[in-house]
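Line order of the protein sequences matches chains R and X.
If you number the first sequence the way our numbering does, the last residue is 304 and the count never jumps.
If you number the second sequence the way our numbering does, the last residue is 296 and the count never jumps.
Since the hints were derived computationally from the structure, they do not count as laboratory data.
Ideal Cβ positions, reconstructed from N, Cα and C, are used throughout, including at glycine.
Warning: the hint list may mix true and false statements.
[As the list claims (entries may be wrong)] Chain X side only, calculated, beta carbon under 8 Å to chain R, not exhaustive:
| no. | residue |
| --- | --- |
| 1 | SER131 |
| 2 | PHE132 |
| 3 | ASP142 |
| 4 | ILE148 |
| 5 | PRO155 |
| 6 | LEU181 |
| 7 | LEU183 |
| 8 | PHE235 |
| 9 | GLY237 |
| 10 | ALA251 |
| 11 | PRO262 |
| 12 | VAL265 |
| 13 | LEU272 |
| 14 | SER273 |
| 15 | PHE281 |
[Said to hold, decoys possible] Per label pair, the in silico range of CB-to-CB distance:
| no. | chain 1 | residue 1 | chain 2 | residue 2 | range |
| --- | --- | --- | --- | --- | --- |
| 16 | R | TYR120 | X | TYR122 | 41 to 49 Å |
| 17 | X | VAL50 | R | GLN200 | 49 to 57 Å |
| 18 | X | ARG186 | R | ASP201 | 27 to 35 Å |
| 19 | X | GLY154 | R | VAL57 | 26 to 34 Å |
| 20 | X | GLN256 | R | ARG199 | 49 to 57 Å |
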Amino acid sequence: MLIGFTVLAVSSIVFLLIHRLPGDALFSEKLRGHAYAELLHHYGLDQPLYTQYWNFVVGVVTRGDLGESLVNRGLKITPLVIRETAISAQVGGVALIFTVGLGIVLGVFAAIRQNTWIDYLLTTTSVIGYSMPNFVIAALLILVFGVWLQNVTQGTFFYQLGGWKGDIGQLWLPAFALGFPYASIVARLTRASMLEVIRQDYVRTARAKGLQESVILVRHALRNALIPVITILGPLVIGIITGSVVIENFFGIPGLGKEFAQSILNRDYAIVIGVFTMYAAMVGVANLLVDLAYVFIDPRIRYG
Amino acid sequence: MATAAAVVVAQELEPEQASLWSDAWRRLKRNRLALVASVYLALLVVVALVALVWTPYRMSAIGLAPTYSGPSAAHLLGVDELGRDILSRLMVGAQISLVVGVGTQLLVLAVGVPLGLIAGYYKGYLDTVLSFLINVFYGIPDVLLAMILVFILGPSLTNIIVAIVATRWMDMARLMRGQALSLREREFVEAGRAAGAKPLKMLFGHILPNALGPIIVQATFGIPSAILFEAFLSFLGVGVQPPTPSWGSMANEGVQAIQYAPHMVLAPSVALSLTLMAFNFLGDGLRDALDPRSRR
């Protein structure tokens, strides 16, 4: 319910802002007079703003219809956006798994080896990690693996256009570049909360019972240490979505992010609005999943 | 431009006034990484200032050397696809980055602090509205909204700063609100109210100074995120427009030539990473110095 409302609010704001702009993608030297008017009519752009807005909202709510591309006439936006979301979700999903997995493992390691050289190495690396823009990481990766070690990967990491599924050989470079800055943040957070948890009495009790250290760490300590980590999963997903705009353009992945940047540069407002609506929906769903994950990890938290 | 340096200087200049600051300065001095970071940032500010009056070559002069040629004695960092001197462009790019970073944070302070202060201190429906707004804004992918805003307003430096502020003001507002919420319950605030202090005096004379530590830390962390933001926008081509160089757009040009002229992408990338890293290390240092309780 709230998600629906936010999505609608966000897309409405963008819709109204964009439609206040002078000029449009339809205008060109070749189209004059009647033809131009006909085209405006085709898109309903000759109607007053509130009618356009109403039609847009009704279309989205009742039919899930985001309209039609202004630049590529006849191209329906909804199927386009859904297909691209599937591609983006693949890359983003691999990046997310990678981010959380690597972040937690490194964070736990740094915590149980606190104040040793491993700890210092990991904490310093994590500052470097989140200080590097993802396109810098991507550029370095391409430079090392694509240019200097050409023979190793044989340049297979460029995403093939038209394919639905990229294999892991193609995905890992973009996913790594996308996830690494956030992996650093997850690692820092895991380390801090792990340090706090392993000093608590119940962990000492577990040790006194003679449990194996690995069981204590994973079953007892980590589970509680993960609660603050889940809190940043929401911002993390937003971060990965945002980062994907850059990374998809970088690697030529035909996903939602590439479409967004291209449409802005092409002045295809209809697609900009459609993609942005999709993004808002994804963020809403992600936040909902994060709330559910709380309950899963910490049974003390219950909702209504 | 030199907020970070100014903070350090301010702490140095008024050791007697408040023991917190002299304490913090003492702790900061012991943090090697933060010190190295401040020295680097001071140098960066000097470079940016020098670039106002002098660069090795004019930043937009083309055909200075064979295009794509690598580093040499005449061009320390090589030249780009139009034969422009990369070092000169990097120096001008430093100005852009610093102006965006510091300018954004100043505006964020100007917007976020009063909003958070009022919402946190008075609570009530004002607070409800602000909290709702903050939550809505946190749900929007920031760079994407900023891209749309820059696109709508037109790509100029001021508009880029405005767009970044519009998507990042709530970091400061949320922090300030939290601080105000907890500070308003303390005895000294009650004492101030009992003594009949005016609301403005209360907010800016008593609450704000006591929240200054976290605010400074937040602002220091905000600068690199704004610089990164601008680099993103420029990398995608909706940022500062050519011929003005930005590290983000230089990296983008470099990526096109990554096969045969890696120096083009490496130079701005390294500059960008070092700068962001320096701000983050300084922020870490400041946090440890200003809030010793948060340590380990």
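Here is how each hint holds up against the structure:
1. SER131: This hint is violated: SER131/X lies away from chain R, its Cβ roughly 14 Å from the closest one there, beyond 8 Å.
2. PHE132: violated (11 Å)
3. ASP142: holds (7 Å)
4. ILE148: Nearest chain R Cβ about 6 Å off; hint holds.
5. PRO155: violated (11 Å)
6. LEU181: violated (19 Å)
7. LEU183: Check failed: Cβ of LEU183/X comes no nearer than 24 Å to chain R, outside 8 Å.
8. PHE235: holds (6 Å)
9. GLY237: holds (6 Å)
10. ALA251: Result: holds, 6 Å to nearest chain R Cβ.
11. PRO262: holds (6 Å)
12. VAL265: holds (5 Å)
13. LEU272: holds (6 Å)
14. SER273: Holds: closest Cβ of chain R sits about 5 Å from SER273/X, inside 8 Å.
15. PHE281: holds (6 Å)
16. TYR120/R / TYR122/X: 41 to 49 Å: With a Cβ separation near 45 Å, TYR120/R and TYR122/X satisfy 41 to 49 Å, so the hint holds.
17. VAL50/X / GLN200/R: 49 to 57 Å: holds (54 Å)
18. ARG186/X / ASP201/R: 27 to 35 Å: holds (31 Å)
19. GLY154/X / VAL57/R: 26 to 34 Å: holds (28 Å)
20. GLN256/X / ARG199/R: 49 to 57 Å: With Cβ atoms ~52 Å apart, the hint holds.
Checked against the numbered hints given earlier, this structure breaks hints 1, 2, 5, 6 and 7; the rest are met.
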